[in-house]
Amino acid sequence: QQQVKQSPQSLIVQKGGISIINCAYENTAFDYFPWYQQFPGKGPALLIAIRPDVSEKKEGRFTISFNKSAKQFSLHIMDSQPGDSATYFCAASGAGGYNKLIFGAGTRLAVHP
Amino acid sequence: DAGVIQSPRHEVTEMGQEVTLRCKPISGHDYLFWYRQTMMRGLELLIYFNNNVPIDDSGMPEDRFSAKMPNASFSTLKIQPSEPRDSAVYFCASSQTVSGKKAFFGQGTRLTVV
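Line order of the protein sequences matches chains A and B.
So for the first sequence, my numbering puts the first residue at 1; every next one is plus one.
So for the second sequence, my numbering puts the first residue at 1; every next one is plus one.
One chain only, chain A, in its complex shape (with noise of 0.2 Å):
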């Protein structure tokens, strides 16, 4: 119950193209739900994050897109670039016994010219 599946596992886009990257929960206590970018050697880095009171929330080229009732989020890359190539996790936490950041297995990137 307190997995995050991710998918895909990796993905190739061409520059300027939409990458999109699905996640999906089964515990309703998670209540936030943030994406991570990580570049080779080193650490991941908060991209943006969402709580499921709104159903989408965007920040520059990023966008989650969140479906409460499907308990499913998805983080959206408009216009990719190659500077884009990263893998990114997508996360849940929540409160009382879950509040422990749980990662999704990530999805590695590429952005190609």
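Hints in this document: simulated from the structure, not taken from any laboratory.
Fair warning: this is a prediction, and the values are worked out from it, not measured in the lab.
Only pairs whose alpha carbons sit at most 27 Å apart, straight line, appear in this in silico BS3-like list of lysine-lysine:
no., chain 1, residue 1, chain 2, residue 2
1, B, 101, A, 42
2, B, 102, B, 68
3, A, 68, B, 102
4, B, 102, A, 42
5, A, 5, B, 101
6, B, 78, A, 42
7, A, 71, A, 58
8, A, 57, A, 5
9, A, 57, A, 68
10, A, 42, B, 24
11, B, 102, A, 57
12, B, 78, B, 101
13, A, 57, B, 101
14, B, 101, A, 58
15, B, 78, B, 68
Fit chain B to the given chain A structure using the hints.
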């Protein structure tokens, strides 16, 4: 702020040896997390502290692993004795809230046990 500082960046050790990983969290952050990253298991939370007190160590794989936080600016993760399957990248992260909201990660320690 220099961010979360981990040392060493790389560690190569022989099986059976003791390994100590170090972390300095961001000043003012009252939560500290230790994660392990491998290709097979992804990012796993090992243990986290609140105000220097261990809160949840359910992710610590075995008794060979131990973690301490003697003060607000320093934490260690120790493996004794180390085994080849402990080879991974170990990350320390800190935040101001328990759910890791806006958690900041260090650059990690790449541990290789041969």
